[in-house]
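Per the working numbering, numbering through the sequence shown is continuous, rising by one, with the last residue being 85.
Since the hints were derived computationally from the structure, they do not count as laboratory data.
Note that beta-carbon positions come from the ideal geometry of N, C-alpha and C, so glycine has one too.
Honestly, I wouldn't trust all of these hints.
Stated by the list, open to error - Below, computed lysine to any residue pairings styled on SDA-like, alpha-carbon distance capped at 25 Å: (1) 38 x 72; (2) 38 x 58; (3) 81 x 33; (4) 60 x 43; (5) 38 x 80; (6) 65 x 42; (7) 65 x 76; (8) 38 x 67; (9) 65 x 34; (10) 81 x 46; (11) 81 x 25; (12) 65 x 28; (13) 52 x 69; (14) 81 x 40; (15) 60 x 49; (16) 65 x 39; (17) 65 x 84.
Unchecked claim - Cβ pair distances, simulated, as ranges: (18) 82 x 45: 19 to 25 Å; (19) 57 x 85: 40 to 46 Å; (20) 47 x 76: 17 to 23 Å; (21) 68 x 26: 15 to 21 Å; (22) 58 x 80: 27 to 33 Å; (23) 82 x 23: 20 to 26 Å; (24) 57 x 29: 32 to 38 Å; (25) 23 x 59: 23 to 29 Å; (26) 28 x 57: 32 to 38 Å; (27) 65 x 37: 19 to 25 Å.
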Amino acid sequence: MAAKKKTDAARPDVAALRAMSAEELRGKLAEQRQEMMHARFKHAMAQLEKTSELKVMRRQVARMETILNEKEQRA
11 MAAKKKTDAA
21 RPDVAALRAM
31 SAEELRGKLA
41 EQRQEMMHAR
51 FKHAMAQLEK
61 TSELKVMRRQ
71 VARMETILNE
81 KEQRA
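Model the full structure from these sequences, guided by the hints.
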C-alpha cells in the first residue's frame with residue numbers, strides 16, 4: 011500500500027508566520043478564527059463539503075497561537 015502524500019497547500023509556511031510581527035499575527039489569527047466559525051456553521055447545516063478542513067483550521071489556529079506565545083515570552 012502506497013503512503014499518502016501530504017499536501018501543504020492550505021497551510022501557510024511556518025517561517026512566514028514567524029516572520030510576521032505580533033500585531034500582524036493577531037490579525038491573521040482573528041481572520042482564521044472567523045473562517046473556522048463559518049466552517050463550523052456550514053458543517054452543522056450539512057453544507058460543508060470538505061469536513062477535514064475543520065481539522066486543518068483548528069491546527070492552524072493552534073500553530074499561530076503557539077508562535078504568538080513564543081513571541082510574547084521573548085519580549
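Against the structure, the hints come out as follows:
no.: 1; hint: 38 x 72; in the structure: holds (12 Å)
no.: 2; hint: 38 x 58; in the structure: holds (22 Å)
no.: 3; hint: 81 x 33; in the structure: holds (11 Å)
no.: 4; hint: 60 x 43; in the structure: holds (17 Å)
no.: 5; hint: 38 x 80; in the structure: holds (16 Å)
no.: 6; hint: 65 x 42; in the structure: holds (12 Å)
no.: 7; hint: 65 x 76; in the structure: holds (17 Å)
no.: 8; hint: 38 x 67; in the structure: holds (12 Å)
no.: 9; hint: 65 x 34; in the structure: holds (23 Å)
no.: 10; hint: 81 x 46; in the structure: holds (24 Å)
no.: 11; hint: 81 x 25; in the structure: holds (13 Å)
no.: 12; hint: 65 x 28; in the structure: holds (21 Å)
no.: 13; hint: 52 x 69; in the structure: holds (19 Å)
no.: 14; hint: 81 x 40; in the structure: holds (17 Å)
no.: 15; hint: 60 x 49; in the structure: holds (10 Å)
no.: 16; hint: 65 x 39; in the structure: holds (16 Å)
no.: 17; hint: 65 x 84; in the structure: violated (29 Å)
no.: 18; hint: 82 x 45: 19 to 25 Å; in the structure: holds (23 Å)
no.: 19; hint: 57 x 85: 40 to 46 Å; in the structure: holds (42 Å)
no.: 20; hint: 47 x 76: 17 to 23 Å; in the structure: holds (20 Å)
no.: 21; hint: 68 x 26: 15 to 21 Å; in the structure: holds (19 Å)
no.: 22; hint: 58 x 80: 27 to 33 Å; in the structure: holds (32 Å)
no.: 23; hint: 82 x 23: 20 to 26 Å; in the structure: holds (21 Å)
no.: 24; hint: 57 x 29: 32 to 38 Å; in the structure: holds (35 Å)
no.: 25; hint: 23 x 59: 23 to 29 Å; in the structure: holds (26 Å)
no.: 26; hint: 28 x 57: 32 to 38 Å; in the structure: holds (35 Å)
no.: 27; hint: 65 x 37: 19 to 25 Å; in the structure: holds (23 Å)
Checked against the numbered hints above, the structure breaks only hint 17 and satisfies the rest.
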